[in-house]
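Engineer: Residue numbers (this note's numbering), protein chains in the order written: chain A, 1 to 282; chain B, 1 to 360.
No wet-lab data here; the hints were simulated from the structure. C-beta: ideal position from N, C-alpha, C; glycine also. Certain hints may be false.
Computed list of lysine to aspartate or glutamate pairs in EDC-like fashion (alpha-carbon distance at most 16 angstroms, straight line) [stated by the list, open to error]:
(1) B/LYS101 <-> A/ASP191
(2) B/LYS224 <-> B/GLU359
(3) B/LYS73 <-> A/GLU173
(4) B/LYS73 <-> A/GLU176
(5) B/LYS316 <-> B/GLU297
(6) B/LYS332 <-> B/ASP299
(7) B/LYS128 <-> B/ASP111
(8) B/LYS10 <-> B/GLU59
(9) A/LYS236 <-> A/GLU226
Listing some non-contacts, in silico: residues in chain B with all C-beta distances to chain A over 10 angstroms [to be verified]:
(10) LEU127
(11) GLY136
(12) PRO218
(13) GLY232
(14) ASP249
(15) SER251
(16) ARG260
(17) LYS262
(18) LEU270
(19) GLN291
(20) SER320
(21) GLU359
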Amino acid sequence: MIEHRPGLTLFCHATLLFAVATLVFPVWITLVASTHTANEMRQVPIPLWLGTHMFENYYTVLTKGVEGASTAPVARMLLNSLIMALSISIGKIVISIVSAFAIVYFRFPLKMFFFWMIFVTLMLPVEVRIFPTYKVVADLHMIDTYAGLTLPLIASATATFFFRQFFLTVPDELMEASRVDGAGPLRFFWDVVVPLSRTNMAALFVILFIYGWNQYLWPLLVTTQENMYTAVIGIKRMMPGGEQAVDWNLVMSAAMLTMLPPALVVILMQKWFVKGLIEQEK
Amino acid sequence: MATVSIRNVKKSFGETEVVHGISMEITDGEFVVMVGPSGCGKSTLLRMVAGLESITSGEIAIDGKVVNNLEPKDRDIAMVFQNYALYPHMSVHDNMAYGLKIRGLSKAEIDTRVNRAADILELSKLLKRRPRELSGGQRQRVAMGRAIVREPKVFLFDEPLSNLDAKLRVQMREELQALHKRLATTTLYVTHDQVEAMTLAHRMLVMSIGKTEQIGAPLEVYTKPATTFVAGFIGSPPMNLIPGRLQADGSSLAADGDTRLKLPQAYPQLGGRSVLLGVRPEHMEICAEGQALLVPEVDFIELLGSDSLVYGHVGKDKASPRVAARLHASVKPQDGHLPLRFDAENLHLFDPDTGKRIEA
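If we strip away everything but chain A, and leave its shape as in the complex, we get (with noise of 0.2 angstroms):
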């Protein structure tokens, strides 16, 4: 539909500008809040432009965190997260990817059944088996350990159905022109499926560094150190409750940075995100 009347335009423009701003106005907020002192942002009404103090705002919390509260530096914290978050999304992929291939490619008794074992994790989310999952890993003896804080994230139903209906697209002839050319199941998965599913891993990526990045119910449970705690929880860990005055420029510096990771992989990462969840190389 093309419609050329200047009211609609403008209507249209002022719809999506002031869409924009409600989303952008608490990110600005929070950045200027991150480049003034402690004092300033005690002021009513708080400042709305750029102040000066950004760079020592943001050194103190990489590097001492807050003071009084209890949490480990941020830098530590961003380490963490980006740990959890990096095996989360890369657990995933590589056990959905293994597992697809195997429902897809194979026969062996009993795959239904296994088929349908997959499915229904799909209707138990963390936060439903959350207690007898905190269980089973504080038995471990994983609490307090990057393993404890990603391996009862990794299986993935979710991920597995992707990679499923993504290789059913793929024609069977190039299997079984492989197996005339000698290729084994490993070696055709290897270099057949796993080049043919890299636009598709990399939107995966995207969405499970994400995912992984944003927990929080799950690392507030399986950490009490200071420093295996994620960036997530450490940003609600830096405002103490009670009398105390909230460092409210180091808490919004713990943001920023916190938000720019997860923003990072989906601007470089763009390209092949988009490639992956439309385009298929066939």
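Fit chain B to the known structure of chain A by using the hints.
Structural biologist: Chain B only, in chain A's frame:
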């Protein structure tokens, strides 16, 4: 170089038997085309030779060695698929080299073979391209190249030309022929296209619903079709088949629909027998009223330029047996009737119950 023996091979999917026992001995260097309508089991048979389908019963031997339980890679065959099945993420060179790489050939040897195949197929300039940057005909050639570099005992082609347009198909047909002449590798080729079958085959295996209808050289299949199925399948438009009963002296046929057809030659030994009388449309000739063996009433005419196809029926009412004749374009039927004759050598008789040819 190898022979292929197919001995009473059957294939069932669950309860359904789709190939009901096919046997054929293929000699070294022979080009055999398996032809039949879709669903006749020809592709299944080829895939059993390739090792992509298991063999329910019977035996397939390549070069005297039974291969029933061998993996495709151990059968020393190469296959060209209908949709080419090129690896989309590999260059033309890598597509052709892949099988050799797996077999552990040296890089120098691989390059020699790939370059030689690329030369034969005129792909030398395209070796760095990806399959999606190629036209249909070029992809087809790469698929053939992938088969050639392996230097297998047997080539298997599964409807390789059916995804190409008509012009390219003719060109690739010629190239296939030239290639076979050059390499003289035993070849099994599946198609539903009778022109491909006629032009490429040394011998053809005509199949219908999982059975062998006829095995023979293309001309033999055309001139002496073993069954009514072959008579109808090979040749376009299909052979006219007129049901009726031979008179006691075998000199004429009482066709269904109360019409009497004179025959160019008497068949006294078959007198009184029910038959299907077969004549190909292209063997019908227009003639003077007095010499006519049949005078069909014309229903409609298709003008093809060089020829015209005349469709009619031989009886009085429209339900009587239909006939088609391929006549020169200049022929104009007179007031709806067309006196036609044909030679005795072009007349075929079939048993109406079994569909088998009656040798008279």
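Engineer: It remains to establish, for every hint, whether it holds in the given structure.
Structural biologist: Consistency of the hints with the structure:
no.	hint	verdict
1	B/LYS101 <-> A/ASP191	holds (12 angstroms)
2	B/LYS224 <-> B/GLU359	holds (9 angstroms)
3	B/LYS73 <-> A/GLU173	holds (15 angstroms)
4	B/LYS73 <-> A/GLU176	holds (10 angstroms)
5	B/LYS316 <-> B/GLU297	holds (8 angstroms)
6	B/LYS332 <-> B/ASP299	holds (13 angstroms)
7	B/LYS128 <-> B/ASP111	holds (13 angstroms)
8	B/LYS10 <-> B/GLU59	holds (9 angstroms)
9	A/LYS236 <-> A/GLU226	holds (13 angstroms)
10	LEU127	holds (18 angstroms)
11	GLY136	holds (15 angstroms)
12	PRO218	holds (28 angstroms)
13	GLY232	holds (31 angstroms)
14	ASP249	holds (59 angstroms)
15	SER251	holds (57 angstroms)
16	ARG260	holds (56 angstroms)
17	LYS262	holds (55 angstroms)
18	LEU270	holds (50 angstroms)
19	GLN291	holds (57 angstroms)
20	SER320	holds (48 angstroms)
21	GLU359	holds (43 angstroms)
The structure shown violates none of the earlier numbered hints.
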